[in-house]
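With chain A's structure known, arrange chain B on it following the hints.
Sequence lines, in order, name chains A and B. Position one of the first sequence corresponds to residue 8 (the working numbering), numbered consecutively onward. Position one of the second sequence corresponds to residue 21 (the working numbering), numbered consecutively onward.
Hints should not be assumed to be uniformly reliable.
Stated by the list, open to error - Dumping the calculated PhoX-like pairs for lysine-lysine here, alpha-carbon to alpha-carbon at most 25 angstroms:
#1 K517/B / K528/B
#2 K12/A / K305/B
#3 K56/A / K305/B
#4 K104/A / K495/B
#5 K35/A / K16/A
#6 K495/B / K212/B
#7 K116/A / K41/B
#8 K68/A / K41/B
#9 K506/B / K486/B
#10 K434/B / K524/B
#11 K41/B / K86/A
#12 K99/B / K116/A
#13 K99/B / K104/A
#14 K400/B / K505/B
#15 K400/B / K16/A
#16 K56/A / K99/B
#17 K156/B / K68/A
Keep in mind that the hints were calculated from the coordinates and are not lab data.
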Amino acid sequence: MRLNKEARKVCRQLFRSSFTDGKLDAAKTSSLVGSIIEGKRRHYVDILKEYHRLVRLEAAKTHAVIESASALTPETGGKVENDLRARYGADLTTEFKVTPELIGGLRIKIGSDVWDGSVRHRLDRLSQQFSQV
Amino acid sequence: MSTILQDIETQIAGLKTSTTKSNTGIVREAGDGVVKIEGLSDVMLNEMIEFPGGLYGLALNLEETEVGCILLGDFTEVKEGTEVKTTGRLLQVPVGKSLLGRVVNTLGQPIDGKGPVKSDVSYPVEKVAPGIIKRKSVSQPVQTGIMAIDAMIPIGRGQRELIIGDRATGKTTIAIDTIINQANINKANEGKADFRPLYSIYVAIGQKNSNVARSIAVLEAAGAMEYTIIVSSPASESATNQYLAPFAGAAMGEWFMDNGMDALIVYDDLSKHAVAWRQVSLVLKRPSGREAYPGDVFYLHSRLLERSARVDEKNGNGSLTALPVVETQAGDVSAYIPTNVISITDGQIYLETDLFYQGIRPAISVGLSVSRVGSAAQIKAIKQVAGKMKGDLAQFRELAAFAQFGSDLDAKTKAQLDRGQRIVELFKQIQYKPLAVEIQVSSLWAMQNGYLDSVPVDRVKEFQLKLQDYMATRKEPVLAAIRDKKQIDKDVEAQLKAALDEFKTTFK
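This is chain A alone, in the form it adopts within the complex:
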């Protein structure tokens, strides 16, 4: 989908004004979305879609997805959460996922950064090294 120039400009303005102290403000975003829906300006659906995308990408920066092969015990989970908050700031939200394909270890994704300590990843790397030789 190609957004027209004006709609993209509006989007960027909306996005810029949805921050308070450098952080996304839930109250602001919902009121902005509400006003756009009420205003029904040109291309408002496209604008909202693009705005949603920008907010989603911004929100992902402070959201950690922690994947493990089997469910983590509450203590381990808590420890990981605390460590991550110490590194990425206190407003980090977390989400635990069970992915048996990992075989063992953890895989943590925050924004576009991925910390991979899973057995699957190491096996993949090994197979890559072998195929290069």
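Chain B only, in chain A's frame:
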């Protein structure tokens, strides 16, 4: 003591937990060899991006929330939602002497079925050209073995000489002839003390596979492959690979230059290269300009051709000579890409369809062809015999057009016309048979000193071929003297005169 041990133990333990941090993104759009990726917050321009299955891409467009990336390889497997990661590396190709005799693709992987390329050095595909401090002016010749070029449009090591002309006018032939001649010279002088071999790289961009195969067969038959690298990105390859092929070839050539050797690179051809880059740019949604080429199509070719240089002794004293080829449409040199490349290069060899069909092959148009720096690199012997030839020939063309209107010509004009016709005949040369410089000098000397004036025009070629035979079989010492002295002194002149007088009596 125990603390040291503990320290080592913790370090070893740290090694085992191999958690790696990587920067990832998700493919949002894929098509035509170009993908849009969301994420990749740490990506750098021109960085390699790793796709699952050993596929790599290059990040070319860095936008606010997306990255435009071109794929190097089979792009049909990439789907929306695929996770990719940055590598922190630039695209590199293997370089070195082990590539000689091989046919490789854009990424330096062999495609000739002769096993893997054993090379432990790699060069980045995009590299900044040597600056002014490192450079030295062109002073050594590249003998193309084509008499018309060596005599009138000389090329020096480190020069960039454009070969331009319509389709089927013999552009590739000139390039192949030059490569064959380098191999001949390299073989003849192998092991000599201060001899500098010239290695060749032939980059085929967007050509028919059959054409590339034919060129390879010619080079193999002439025994030139052992001094040649062929980088092939035929028409069936993706536009991305076609766009990168000349840069990969340039990287291979730069290795020779950096290591104090001389190399010659042929880009065949840059019009197709521009078309490939136009396709890549358009699918990347970059704004287009004249003839829908992107705005940086000039920079594309200038940064490529700037990498050909002659560097000074402090920097290895090597050189990289470029022979870019550009195809024109209906002889129009003022089209976009031809004018661009003409202005970047140090001269051009212009081939004309009319001349080609008149049987003047190579169909070099003397009036429109120039070499801006090469004359400094010409050896003295050629200068002595061919100094005025270009002027004579240009004058002849003018007179020939004029003489068609009247039949009464004064003796001087007639002599000029006669001489011109014979020079044209002399410069005709069959393909894939480059001539050694001493042979060229002896033929040109014969012309200069009037030995051909009494030969009928239609027998000039026969005279020349027989003379070549005669010189090579009976007067080898004269040729050797020209080769070694690189000039015609009194002694050589006397020998040449004696030889020609003797030959003239036998030629009936």
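Query raised in the report: Looking back at the hints listed earlier, which ones does the structure fail to meet?
Result: 4, 15 and 17
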